[in-house]
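Participant: Those protein sequence lines, which keep their order, are chains X and F. Per this note's numbering, residue 1 is the first one in the first sequence, and the count goes up by one each step. Per this note's numbering, residue 299 is the first one in the second sequence, and the count goes up by one each step.
Hint data in this document are derived by calculation from the structure and do not stem from the laboratory. Any given hint could be a false lead.
Footprint (simulated), chain F over chain X, 3 or more residues, beta carbon under 8 Å [to be verified]:
{"no.": "1", "segment": "127 to 137"}
{"no.": "2", "segment": "141 to 153"}
Derived DSSO-like pairs (lysine-lysine); straight-line CA-CA distance at most 30 Å [what the hints assert, rightly or not]:
{"no.": "3", "chain 1": "X", "residue 1": "K62", "chain 2": "X", "residue 2": "K282"}
{"no.": "4", "chain 1": "F", "residue 1": "K324", "chain 2": "F", "residue 2": "K364"}
{"no.": "5", "chain 1": "F", "residue 1": "K324", "chain 2": "X", "residue 2": "K282"}
{"no.": "6", "chain 1": "F", "residue 1": "K581", "chain 2": "F", "residue 2": "K407"}
{"no.": "7", "chain 1": "X", "residue 1": "K95", "chain 2": "F", "residue 2": "K646"}
{"no.": "8", "chain 1": "F", "residue 1": "K407", "chain 2": "F", "residue 2": "K364"}
{"no.": "9", "chain 1": "X", "residue 1": "K95", "chain 2": "F", "residue 2": "K407"}
{"no.": "10", "chain 1": "F", "residue 1": "K646", "chain 2": "F", "residue 2": "K581"}
{"no.": "11", "chain 1": "X", "residue 1": "K172", "chain 2": "F", "residue 2": "K324"}
Just so you have them, the derived chain X footprint on chain F, three or more residues with Cβ under 8 Å [unchecked claim]:
{"no.": "12", "segment": "305 to 317"}
{"no.": "13", "segment": "420 to 430"}
{"no.": "14", "segment": "444 to 456"}
{"no.": "15", "segment": "554 to 567"}
{"no.": "16", "segment": "614 to 623"}
{"no.": "17", "segment": "645 to 654"}
None of these values were measured; they are calculated from a predicted model. Virtual Cβ for every residue (Gly too), placed ideally from N, Cα, C.
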Amino acid sequence: MVMSSHSSFTPGDRRCLKDIEPRLFSDDGRPEQGGVVELYGPEGTGKTELLYHLICRCVLPKSAGGLELDVMFVDTDYSLDMFRLVSILDSRLNKALPKSSPSAGSDEEALLRSCLSRLLVVHCSSSAQLLLTLHFLENSFSSRPSLELLLIDSISAFYWLDRCEGGPSFSKQEEKLSKCSDLLSRLLRDYRITVFATCHSIRRVQTGLSSSASLSYSSDSDRSYLCRSWQRLVTHRLMCFRQEAANNTSDEAGSSIQQRIQQVFRVHCISSFSSSGSKPYKTNSFYVTDAGVEFTSV
Amino acid sequence: MVFLRADMCPGLDSDLVRDLRAADVKTVEDLVSSNLEDLAHRCSVSYKQISFKGNKDLKDFHPSGKALYAIRRVLLAQHSAFPVSGADLYEELLSSTAIISTGNPSLDKLLDSGLYTGEITELSGGPGSGKSQVCFGVAVHVSLQLKQNVIYVDTTGGLSASRLLQMLRAQTCNVEEQMEALQRIRVCRLFDIFALLHCLHTLCSDSSSSSSVEGGAVAAAVAAGGGGVEGVSLQQASVSGGSVKAVIVDSVSAVISPLLGGNHTEAMSLMIQVAGILRTMAKDFNVAVLVTNHVTRNTSSSRSCGTDVQPGLGVSWSHIPRTRVLLERVEEAGTGIQPSVRSATLIKSSRQPCFLREEFDLRFWSQTKTSTSGKRKREESDS
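Only chain X is shown next, with the shape it has when bound in the complex (with noise of 0.2 Å):
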């Protein structure tokens, strides 16, 4: 356990996330490091995809466009799927990296290995035991420079059952999760890493959010109703949501795209601070793939 003294860490090791994905955020309100991001949105509109996207651009080698980072994933609801996530990191890897020799099989399986080996997974099946695993991963943090991501897969995952473990008290109800989020601002100070957590939306939408980007996002449904240190800790707010778009013949890339309804996911950022003058706001759309995320040129 690293208690006050932070032997092995200095502060000025880890790297700038600030480019992970330029195309989510705008120019200044990118997540500096300590930054959290919470995904928001209904079922189906593309979060864990979006945090496959980021789990592979940081774990692919330099050549394949990664970043070469590790990255650790909690997973309280059992949502990641490792097929998924394999056949995204092959075929990005296969794209990117041309096809040598016949012998290139097993250098493509090492090399695989070698980017799974960066990805660290634990599995939570409640908030105590969130609360002790973070506890817990703050070694993980100290002995591995090269950690800079935390995906939290779904920090909402136990909001029901603190509800009505906590009883009538709200305090006692966002108990736990206030100690994480006090936990992770501590994490976030001494060590300098980026947070993306989702949060599942837990009422329906009533009204069909339409493509304008000028609508204020201040609508109920989409209103944080998690606990207040999590809402003051959150720096970045991206609003997942999924359209249909019209039978669009682009055919990019010349991927077979079907003659039927496409979705299209969108996202849409809302940071809390940006510098006086620029739009903190920023929309993007994109397609899922088999090879992952693809971001339209919007």
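Once you've looked at the hints, dock chain F against the given chain X.
Facilitator: Leaving out everything else, chain F in the frame of chain X:
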């Protein structure tokens, strides 16, 4: 929420537990999150006040900071989850995940070759859309063709062993095989959520307890509600020849939706608990979990499904299953209503593009529409 008890770990004796409780540290989480130097100080102060045996050295009495750190480290190692490398996890999944075919080629095409173990798959549909019939078909296929055990949790009373026998007879004429297949389907009948939680906990536990789990053959011979045999856990069910590969809960919404009108928070919490046990069971025991759900009217203005119904149990349940299929009756304009044809639409999947649609005929489970062998009459039953 794990409370501190004496002898949970070396060094944690009852005196220390009492002192920690006096310092308002009652659970493992409190101990792990608190400042240990402070705590050691507070505990030592209480010792000083109680007794001070003149000659003995004070430091023999108070729990030194080092002891508390050691205790904290041990408790943390005992109760937190361990990170696993992605490569090891992938290896493990490669060797343990299986794809259970449903027996129906159209449904298999929709589900990307079948039900995956370690995941929850949801079938939703209105009344009479064929959810229970699909569950029967899956159970029969797994027990007869794949020769694996199936646990069928029936909460609607719609399971009829004679229907299972009829489906088996259509696939094989050998009476012994039929009986063996029936033996492999273990049925739990329960009608409220606490019985469901108890049954699922029993399945996940190491020891058996008395819940009413009957073999399918027993259910065929005795009318529903006859004497239940001793309950078994999944491990014991797997010992008796073949392992459990599928757990079917028909339907999960029948026990949860009556609660949603009352105390909302408690109902949601129970629903998430059921989801948690189903997921843990799927992952730890490598079974494919199939649940059924009802439907409600689709009120959102963006009708993304193209249908006017959506699966029930609300938004919080929608994140739980990995794959969701919507079943509907098919009404063809030209030929009139075909009573046994159903359409299945994929509304959520992490592997296939959404809104794929397949049609199949409930009369011919294992064969495709074109083949006409094994045609059998189906009496109108209640699902």
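Participant: Tell me whether the statement that chain X covers the segment 305 to 317 of chain F is true, taking a Cβ distance below 8 Å and needing three residues at minimum.
Facilitator: violated (count 0)
Participant: With a cut-off of 30 Å on the C-alpha distance, tell me whether F:K324 and X:K282 pass.
Facilitator: Violated. F:K324 to X:K282 sits at ~47 Å, over the 30 Å cutoff.
Participant: CA of X:K172 to CA of F:K324, is that 30 Å or under?
Facilitator: holds (15 Å)
Participant: Under 8 Å between beta-carbons, do enough residues of the segment 614 to 623 of chain F, three at least, approach chain X for the coverage claim to hold?
Facilitator: holds (count 5)
Participant: CA of X:K95 to CA of F:K407, is that 30 Å or under?
Facilitator: holds (27 Å)
Participant: Checking C-beta pairs, does the segment 420 to 430 of chain F have three or more residues closer than 8 Å to chain X?
Facilitator: As far as the segment 420 to 430 of chain F goes, the hint is violated, because 0 residues have Cβ atoms under 8 Å from chain X.
Participant: Mind checking the alpha carbons of F:K324 and F:K364 for me, to see if they're no more than 30 Å apart?
Facilitator: Since the Cα atoms of F:K324 and F:K364 sit roughly 20 Å apart, the hinted pair holds (cutoff 30 Å).
Participant: Between F:K581 and F:K407, is the straight-line Cα distance small enough, at 30 Å or below?
Facilitator: With a Cα-Cα distance of about 24 Å, the restraint between F:K581 and F:K407 holds, given a limit of 30 Å.
Participant: Between the segment 141 to 153 of chain X and chain F, are there enough contacts, at least three residues with CB-CB distance under 8 Å, for the coverage claim to hold?
Facilitator: Check failed, 0 qualifying residues.
Participant: Using a Cβ cutoff of 8 Å, are there at least 3 residues of the segment 444 to 456 of chain F near chain X, or does the coverage claim fail?
Facilitator: Contact hint for the segment 444 to 456 of chain F vs chain X: violated, 0 residues under 8 Å.
Participant: Does the structure keep X:K95 and F:K646 at a Cα separation of 30 Å or less?
Facilitator: holds (27 Å)
Participant: Given that the segment 645 to 654 of chain F was listed as covered by chain X, double-check it with a C-beta distance under 8 Å for 3 or more residues.
Facilitator: Per the Cβ count (7), the hint holds.
Checked against the numbered hints listed earlier, the structure breaks hints 2, 5, 8, 12, 13 and 14; every other hint is satisfied.
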